[in-house]
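These protein sequence lines are chains E and G, in that order.
Take 1 as the starting number for the first sequence in the working numbering and just add one per residue.
Take 1001 as the starting number for the second sequence in the working numbering and just add one per residue.
Just so you know, the hints here were simulated from the structure itself, not pulled from any lab data.
Keep in mind that this is a model prediction, so the values were computed, not measured.
All C-beta atoms in this analysis are idealised placements derived from N, C-alpha and C, irrespective of residue type, glycine included.
Any given hint could be a false lead.
[Said to hold, decoys possible] A partial selection of chain E residues facing chain G, derived with a Cβ cut-off under 7 Å:
#	residue
1	2
2	312
3	319
4	322
5	324
6	394
7	398
8	402
9	404
10	405
[Stated by the list, open to error] For lysine-lysine, the following BS3-like pairs were computed, each having C-alpha atoms within a straight-line distance of at most 30 Å:
#	chain 1	residue 1	chain 2	residue 2
11	E	12	G	1114
12	G	1029	E	12
13	E	12	G	1119
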Amino acid sequence: MNIRPIFSSLRKHRIPTTLIVLEIALACAVLCNAVFMIGQRIGDIRLPNAIDQAGISVVTVQGTDPDHARDVIARNLATLRAIPGVQAVALMNTVPLSQNGWNTGFTTDPATKGFDDKYVNVAEYLITSGGDKALGLHLFRGRFFHADEYAAGTLGTSFMPTGHAAVITRSFAARMWPGHSALGKVLYMGDTYSYTVVGIVDNVLRPNRNGGDARSFSHSVFLPVAPVESAMNDYIVRSAPVDRDRVLRASIDKLSKLEPAAVVKGRTFSDIRNAYFADTRSMAWMLVLVCAVMIAVTAFGIVGLSSFWVGQRRRQIGIRRAVGATRGHILRYFQTENFLISSLGVALGMILAYGANLYLMQHYEMARMPWYFLPIGALTLWLIGQFSVLGPALRASNVPPVVATRSV
Amino acid sequence: MLKMTHLSKVYRTEVVETYALRDFNIDVKEGEFVAVTGPSGSGKTTFLTIAGLLETFTGGEYLLDGTDVSGLNDNARSKIRNEKIGFIFQAFNLIPDLNVHDNVEVPLRYRGMKAAERKQRIMDALERVGLASRAKHYPAELSGGQQQRVAIARALAGSPRLLLADEPTGNLDTQMARSVLELLEDIHREGATIVMVTHDPELAARAQRNVHIIDGQEVDLAEEPRFHADPSAAGSMA
Ligand SMILES: Nc1ncnc2c1ncn2[C@@H]1O[C@H](COP(=O)(O)OP(=O)(O)O)[C@@H](O)[C@H]1O
Ligand SMILES: [Mg+2]
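So that you can see chain E by itself, here it is in the shape it has in the complex (with noise of 0.2 Å):
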């Protein structure tokens, strides 16, 4: 088809063709960072989490003497033992997306000086004894750690335990010292701790994103602590699947009647990761609707444009079937003029979605779009312009040649 006349033609129709065009744009726009911001969303909650996240329930106690705290968490974690179908037990300071933050930082290099960029931002999981099989982690290099290191590691006054051993994940790992085996190296925070990785798993994701990306996201290091703190409160009690809620029932029944003046609680794993990605996933679905509406809403535009001047234009379309033109060339020419407005609003649209990606990136802590969701826009665009336009098309393509000399 011939695009000059159609395109002389449209610029007769300014105001609705301009109000198209923009109501394209902005579908194009919010399409590519709605959908980017989606598959953010689905690629966070399909993060891979190392442990048996559908054995495992938490059950904290708060409250615990202080003074009493060892003898307290031995008789907690023998009556937790007990409990048939437990197939192992430990205690942690915080486990995997329960948003209760233990964050630190550590360097690959002791002659570091306080908290300058070169440490890197990680989540710190103290464990006692037998906390790998608890969590079920996947030791990917290397050992997890013996009786003497977690016997070494306390809490003291700092929130850094002492002894000298760590177990890190792969992606703490590559980002450490990427290109090399972690195994053997020692992660610093100044020189008062240090920590040699004795092993590396696969990665655990942390208590919250803390503001990272999603490789972050798997940033975890496991220290080996005795069983002695009072700022340890999760006991991890693992078990068969089906044996999960009931031995959560019962294990909270019975650290309950041991210490009737804690507080105990508990939820299954699978709890704390739904309560954790419900924000995500609703919000997920709400980007799902504004989607589906600003879909909807361009092609009931386009639809009812079409419609509008098919009907406007019905003489004239007479007229050039009078002088020759077949029903085809009558049907192109309306797909080819929603083609060329569509281009205009693909092409500013792909301005002002990659304009709202910079501003998003700035305000709102949104990592950068790839440049194929604009391509990938575009052409879902031009498609639901065709697609749309298809109907009124059709309509006009059957108004007969008569109507040039009847309807006068």
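Could you slot chain G with the ligands onto chain E? The hints should help.
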């Protein structure tokens, strides 16, 4: 060139059947200039729309340039309209969104003609109707007579063998009507076949032959003296 025998056209609505044409016969030879007259509602426009393949007919036979058109599909009919026939309408029927140049270009584009040839033909046709200087104007900026001349240029640009005009001067004052008619006479002299519907006896008189339609049928005025009773008709047909 154009031969209809026992042709009929029926318009059906829920309540009535109107015979716009019944047992209609006409034979227009190549190169003729025929004027079609008749009272309002007698079927003149219907005849012209069928002749120009804008509409199908109900019964009878129509040979255009020796071809039976009843068997042609929509695309073939479009092609014939585009290549063989030029239309001139009472209401000019220019496309308001396009300027004069682009209006004349419309049928040429549907023919798939190369840009250079289109340009040449458009300029020639506009030259011919004396509007070459108005190529960039829009229809709304022109007088009625000028618009009709653009419409004639549009019809001419495709060098049609058959020119169909439905009351081409009906919306024009006498002065403009005359100049349009002179243009048609020029075109006829160059070999085109012209069929023109008109109300105006003076214009009809300048055609080579008159065909009178009454109630959807062709009537020979000489054998139907009752129509001579109409004083206006009598004056002009003499
Ligand atoms: N689309 C139509 N539907 C129904 N009747 C029609 C239609 N077009 C024309 N007619 C009728 O056919 C007859 C002939 O109309 P027309 O050919 O327009 O006459 P003319 O051009 O001589 O004034 C009239 O009675 C008119 O009402
Ligand atoms: Mg008429």
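Quick rundown of the hints versus the structure:
1. Hint status for residue 2 of chain E: holds, given a least beta-carbon distance of 5 Å to chain G, under 7 Å.
2. The closest approach between the C-beta of residue 312 of chain E and any C-beta of chain G is roughly 10 Å, which is over the 7 Å cut-off, so the hint fails.
3. Hint status for residue 319 of chain E relative to chain G: holds, with the closest Cβ pair at about 5 Å, below 7 Å.
4. Look at residue 322 of chain E: its Cβ gets to within about 6 Å of chain G, closer than 7 Å, so that hint holds up.
5. Annotation: residue 324 of chain E was flagged as interfacial toward chain G, and the flag holds, the nearest CB pair being 2 Å apart, inside 7 Å.
6. With 7 Å as the threshold, the beta carbon of residue 394 of chain E stays out of range of chain G, its nearest partner Cβ sitting at about 14 Å, so the hint is violated.
7. With 7 Å as the threshold, the beta carbon of residue 398 of chain E stays out of range of chain G, its nearest partner Cβ sitting at about 10 Å, so the hint is violated.
8. For residue 402 of chain E, the interface hint holds, since its Cβ comes within 7 Å of a Cβ in chain G; the closest pair sits about 4 Å apart.
9. Interface restraint check: residue 404 of chain E against chain G, minimum CB-CB distance 6 Å, threshold 7 Å, status holds.
10. Proximity of residue 405 of chain E to chain G holds as hinted, the smallest CB-CB distance being about 5 Å (cut-off 7 Å).
11. Proximity of residue 12 of chain E to residue 1114 of chain G is assessed by CA-CA distance (about 26 Å); at most 30 Å being required, the pair is judged to hold.
12. Between residue 1029 of chain G and residue 12 of chain E the CA atoms are separated by roughly 44 Å; this puts the pair beyond 30 Å, and the hint is violated.
13. This hinted pair checks out: residue 12 of chain E and residue 1119 of chain G have alpha carbons roughly 23 Å apart, not beyond 30 Å.
The structure does not agree with the numbered hints 2, 6, 7 and 12 stated previously, though it agrees with the rest.
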